[in-house]
Amino acid sequence: MEFSSSICPPEILCQILVGLSRTTILFIVASGLTLILGVLRIPNIAHGSLYMIGAFIAFSVSKWFGGGATGFWMAVALAPFAVALISLVVERGIFAHLYEREHLMLLLLTFSLALILGDLVKMVWGGEYRTVQLPGSFKGPVPLASLPIPIYNLFLVVIGPVVALGLWLLANKTKIGKISRAAAVDREMVGAVGVNVSWVFAIVFVIGCFLAGMGGALVSPIVNITLGMDHTLIIEAFLIVIIGGLGNVWGALLGALIFGLTQSLGILIWPQFGIVFPYAAVVTVLIFRPTGLLKSTW
Amino acid sequence: MNKNVHGKEFWPVLILFILLLILPLFLTRFYIYLLALIFVSGLAAMSLNLVLGYGGIYQFHHAVFYGVGAYGAALTITKLGYSPWIGFLVGPLLAAFLSLVMGAICVRLSKLYFGMLQISLGSLVWAIVYRWYSFTGGDDGIHGVSMPALIGSTKGSYYFALLVTGACLMTMYFIVKSPFGSTLQGIRDNPVRSEAVGVNVRLHQLAALVIAGFFAGVAGVLFVVVDNSAFPDMLFWTLSLEILIMCLLGGWLTFLGPMLGAAIMVALRTFASTFTEYWTLIQGIILMLVIIFLPEGVLGYVNAKFRQFGDVTSGGKA
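Protein chains in written order, with my numbering: chain A, 423 to 720; chain B, 153 to 470.
Chain A extracted, bound-state conformation (with noise of 0.2 Å):
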């Protein structure tokens, strides 16, 4: 329960860096949630067994490619769709034609989904640990002042703000992202002129479960791929959610630089309850704004 007592600045660097690169996956699983919370109104618990498979897909991917270089960019490349695939299904045979109960009832709905998916990656790759090999030319330590940790977190840190820009564009200068914006205001006024808006949800849903897996492909050289390991991940995904404003991209990005930051540098300031800070973040924030950062579009 001791203080950590020698802070030096290439541990508080580092320290950062790792927190940057949870805040890219944390973001890209929230954003893709926070979407189709936003449009559809479903609070998906689900979302975090797709993060899952995803990281599981890619394990399969890139052993398929026998590892290395090859095999890690096929991974990140196919791993997303597969998971899109599987998530398109779920929409049309389950979700799109529950879209009415309350939410209370979509949310078991989903924790009922998660609870199948769960047992489906059981079936599939069994109980044993996983991971993907990086690329060689990840490996090495980061540049700057030589710090312990792999360039794969610089590479991280980096496409955290390309998927928000590249999320932003969708949302904002293209037709469907037009149309779903107009949707989470107003789905009736917008079925009423003309617009097919079930398709506009599904669309949306596998968008969002794109993103899902996609965390879970980019994270899966980092971590140990592992059964529960969507549990912890998809209450991180929602609180996030919550503190950056329902339905609100630029939120989740807040929410997840809020999560992973504190994460990151509460395990320096005490080790032993690194985990409770984050937590402690997000009551603040709820105590204060209890509707979120940002906006919501609800």
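Any given hint might turn out to be false.
Claimed, not checked - Here are the simulated distance ranges between beta carbons: (1) B/D292 - A/V615: 39 to 47 Å; (2) B/P447 - A/I625: 24 to 32 Å; (3) A/G548 - B/G290: 25 to 33 Å.
No lab work stands behind these hints: they were computed from the structure. Glycine is no exception: its CB is placed at the ideal position from the N, C-alpha and C atoms.
Once you've looked at the hints, dock chain B against the given chain A.
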């Protein structure tokens, strides 16, 4: 809606209670333990239903109070060295106090926002329990909590759980039927109108949350009595949703529904896991089917059928 089942429920429940009193004479230890576990989960689910079904409050992280009740008792006994009977009091009171604090923070929010803030506060409590190795035992939890001789045996703990659960159910029944309970249901059905006629909505909801937290704490204590242990998974959010499922499965618009839901879930889990390791898959499929086809739960469905039947025989809507 509840008025017409008032009284009709009394005799079946009394018969069931007597049956449960004599049942252990014919059962093996395993089945006695299983029944006791059903009481514990059922009490937790019913305490949740007090705020969820009767109050319309989205209490998403109810397991926190269940877990804190269990830890409160277990730690008082093992770490502080007090008598178990004091521990049994500390658990529920601690849970009720936590419920007061969390409720005071959350109660100004409604529906989904309430639920999410509650989950984050609950996760904070979970993280502390999970990490505080020196006091709570961290992820190992606490095992082998010693019990007084009277309730130390399987049968002893069974009867203790049965009697305490029975007493709690009766208390909850009177709370639901009291003016307070009616006000709470009024708030659930129309918070704006309740406010307009001079009801202090937030205060009533907070009181309901504290009561529910207390009874969840009692359930946690009973778990320690039955299982002699407490572990951090008791505070994890997945358990909260499992308790929610019990309410949904049995029927959250009925008083005894959550108990029935707990009985179905605990029994199914025990028997399903003897022949398959994919119990969660079965659980997920059952939950999905219930949501799609039986949104009012098993008991809600049965009640609705009975009401239909009654309407036909009495020649119209009562």
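Legend entry - Broken hints, by number: 1
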